[in-house]
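Letter by letter, the chains look like this.
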Amino acid sequence: EAAVTQSPRNKVAVTGGKVTLSCNQTNNHNNMYWYRQDTGHGLRLIHYSYGAGSTEKGDIPDGYKASRPSQENFSLILELATPSQTSVYFCASGAGTGGYAEQFFGPGTRLTVL
Amino acid sequence: GDSVTQTKGPVTLSEGTSLTVNCSYETKQYPTLFWYVQYPGEGPQLLFKVPKANEKGSNRGFEATYDKGTTSFHLQKASVQESDSAVYYCVLGDRGSALGRLHFGAGTQLIVIP
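These protein sequence lines map, in sequence, to chains E and B.
If you read the first sequence in our numbering, its first letter stands for residue 965, the second for the next number, and so on.
If you read the second sequence in our numbering, its first letter stands for residue 1246, the second for the next number, and so on.
Hints were generated in silico from the structure; no laboratory data involved.
Remember, it's a predicted structure, so these values are computed and weren't measured experimentally.
Worth double-checking, as some hints may not be accurate.
Unchecked claim - Keeping only pairs whose Cα atoms sit at most 30 Å apart, straight-line, the calculated DSS-like set for lysine-lysine is: (1) K1253(B) <-> K1322(B); (2) K1021(E) <-> K1273(B); (3) K1253(B) <-> K1294(B); (4) K975(E) <-> K1029(E); (5) K1297(B) <-> K1313(B); (6) K1253(B) <-> K1313(B); (7) K1021(E) <-> K1294(B); (8) K1253(B) <-> K1021(E); (9) K1301(B) <-> K1253(B).
So that you can see chain E by itself, here it is in the shape it has in the complex (with noise of 0.2 Å):
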């Protein structure tokens, strides 16, 4: 059964508008991520949580907010979307610190600003 799933998988949103996506882990895992996915550039780290009730900037977090209510979910919240932020959001979530530990991947979800 899938350890991180993501919702929606699929997104159309309007410009200037409020985008939330959602993601579960099952891994019972302390730290989860927020993932952009471009290409040429990889997967680059806009928010991240080591906890419930704790969210960090990543390296590109501007027009990007995130919320971690519980151990389980983690969201990332675009409240006026632009069309710069049409692209493929990974979540993931780890165990470990220092570097050592893998991560794990949700499905990701396709979001795409008019």
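Dock chain B against the given chain E, drawing on the hints supplied.
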């Protein structure tokens, strides 16, 4: 900062031929190195990781040696199959990060023709 550079794709090969995807990294610390693979419609998944310099990792016929001297971690496979068609990411794990931070290369798409 930490960075990873890898072969620019797509790489197109015939079934049964050999594969090399070059990967070079830059860092001031002593990282763990990973190869992740992403199949169409899925999130990235771990292929294998190597935490120590001069050691080799392998999985499913793929292998790579962590070369600290040349700061390289090239992915190789002796005989590719159509099912190997995917995007391959070279990834650097930041050991200094309590977050378990990963730095992704841009990815290399492999297309294997039967």
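Here is what the structure says about each hint:
1. K1253(B) <-> K1322(B): holds (17 Å)
2. K1021(E) <-> K1273(B): At roughly 22 Å apart (the allowed maximum being 30 Å), K1273(B) and K1021(E) satisfy the hint.
3. K1253(B) <-> K1294(B): holds (21 Å)
4. K975(E) <-> K1029(E): holds (18 Å)
5. K1297(B) <-> K1313(B): holds (9 Å)
6. K1253(B) <-> K1313(B): holds (22 Å)
7. K1021(E) <-> K1294(B): Holds - the C-alpha atoms of K1294(B) and K1021(E) are around 26 Å apart, at most 30 Å.
8. K1253(B) <-> K1021(E): Between K1253(B) and K1021(E) the Cα gap is close to 29 Å, so the pair holds against 30 Å.
9. K1301(B) <-> K1253(B): holds (23 Å)
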